Each structure stands twice: as structure tokens, then as C-alpha cells.
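A.B. asks: Sequence:
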Amino acid sequence: MHLKSVSIAFVFIFLFFFSLVCNAQKAAGPSAQPPDTPELRYMKTVQEYVFKHWSYRKTLDNQFYSVQADLILNREGSVLEKKVLKLSPDEEYNNYALKALGDMEPYPSIPDDLEVDTISVRFHLMPNK
Numbered sequence: 002m003h004l005k006s007v008s009i010a011f012v013f014i015f016l017f018f019f020s021l022v023c024n025a026q027k028a029a030g031p032s033a034q035p036p037d038t039p040e041l042r043y044m045k046t047v048q049e050y051v052f053k054h055w056s057y058r059k060t061l062d063n064q065f066y067s068v069q070a071d072l073i074l075n076r077e078g079s080v081l082e083k084k085v086l087k088l089s090p091d092e093e094y095n096n097y098a099l100k101a102l103g104d105m106e107p108y109p110s111i112p113d114d115l116e117v118d119t120i121s122v123r124f125h126l127m128p129n130k
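Residue numbers (the working numbering): 2 to 130.
Quick caveat, the hints were computed from the structure, so don't treat them as lab data.
Quantities reported herein were computed from a predicted structural model and do not represent experimental measurements.
We treat Cβ as the ideally placed atom computed from N, Cα and C, and that holds for glycine.
Capping the alpha-carbon separation at 25 Å, the derived lysine to any residue pairs in SDA-like fashion look like this:
hint, residue 1, residue 2
1, K45, N75
2, K87, K100
3, K87, Q69
4, K87, A70
5, K83, N95
6, K53, R123
7, K84, N95
8, K100, M44
Ranges between beta-carbon positions, derived for each pair:
hint, residue 1, residue 2, range
9, P112, P90, 35 to 41 Å
10, E40, K87, 22 to 28 Å
11, K45, G103, 18 to 24 Å
12, K53, S79, 14 to 20 Å
Can you build the whole structure from these sequences, using the hints too?
C.D. replies: Quick look at the structure:
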């Protein structure tokens, strides 16, 4: 059986996502809509799911805190592999963020219109302000 896979970079920065959409609309003209692809719809679904489940409100110093990880998900939304790409300077925050990624499982299922068996999703988890 040949397994298909696709990679989606999921950046957990709300403003970054909307700046991409705005730039795409500017480049295409005033009446253009961003492309509606199965990949973008799935990315939005996962983004909304993580926003709903992610919370870290402990007061931190003025350093930039971010944990970046790639997860490979199967069609049912289970984590097949987790790769940590970047940690913050705070070990307690790192442990919390990595545990939260595991606790959110299962993630939304890969929709049928995405003809893949696995998908790689990148997360940037930052404290809520």
C-alpha cells in the first residue's frame, strides 16, 4: 500500500495568517478572494481547534516565549511523530507546551478531499496575553 503524505506549515500566529491572506488579496486585486483549497481549509480547522484548547496565562518576563514543534498526524488525527524544533528559555513553559500538544490529541481528522494518509503540521505555541 502506497502512503501519500503532505506537509502543511501551521504557524500559530494569528496575525501572520491574516497578513498572508491580505497580501494575497492585494496581489490578486481588490475583488479577489484567497484560494479555497482543501489544505487551507484543514489548516484553518486545526488552527481553530488549537486556539480552543491552548491556554497559558502565567506571567512571564519580557523574553519572547515560543515552542515550535512539528507533528505528523494520521488520517484520524492521532500523532504518529513529534519533533521539537525550538524551545523557549523557560523549561516549565516548554514542558507545559509539549504536554499540551499531546493532550490535544486526537486532532481533527484529515478530510476526505485531502487524498493523503498523513500530514505534517507545524505549531508555534506562545503564551496568551
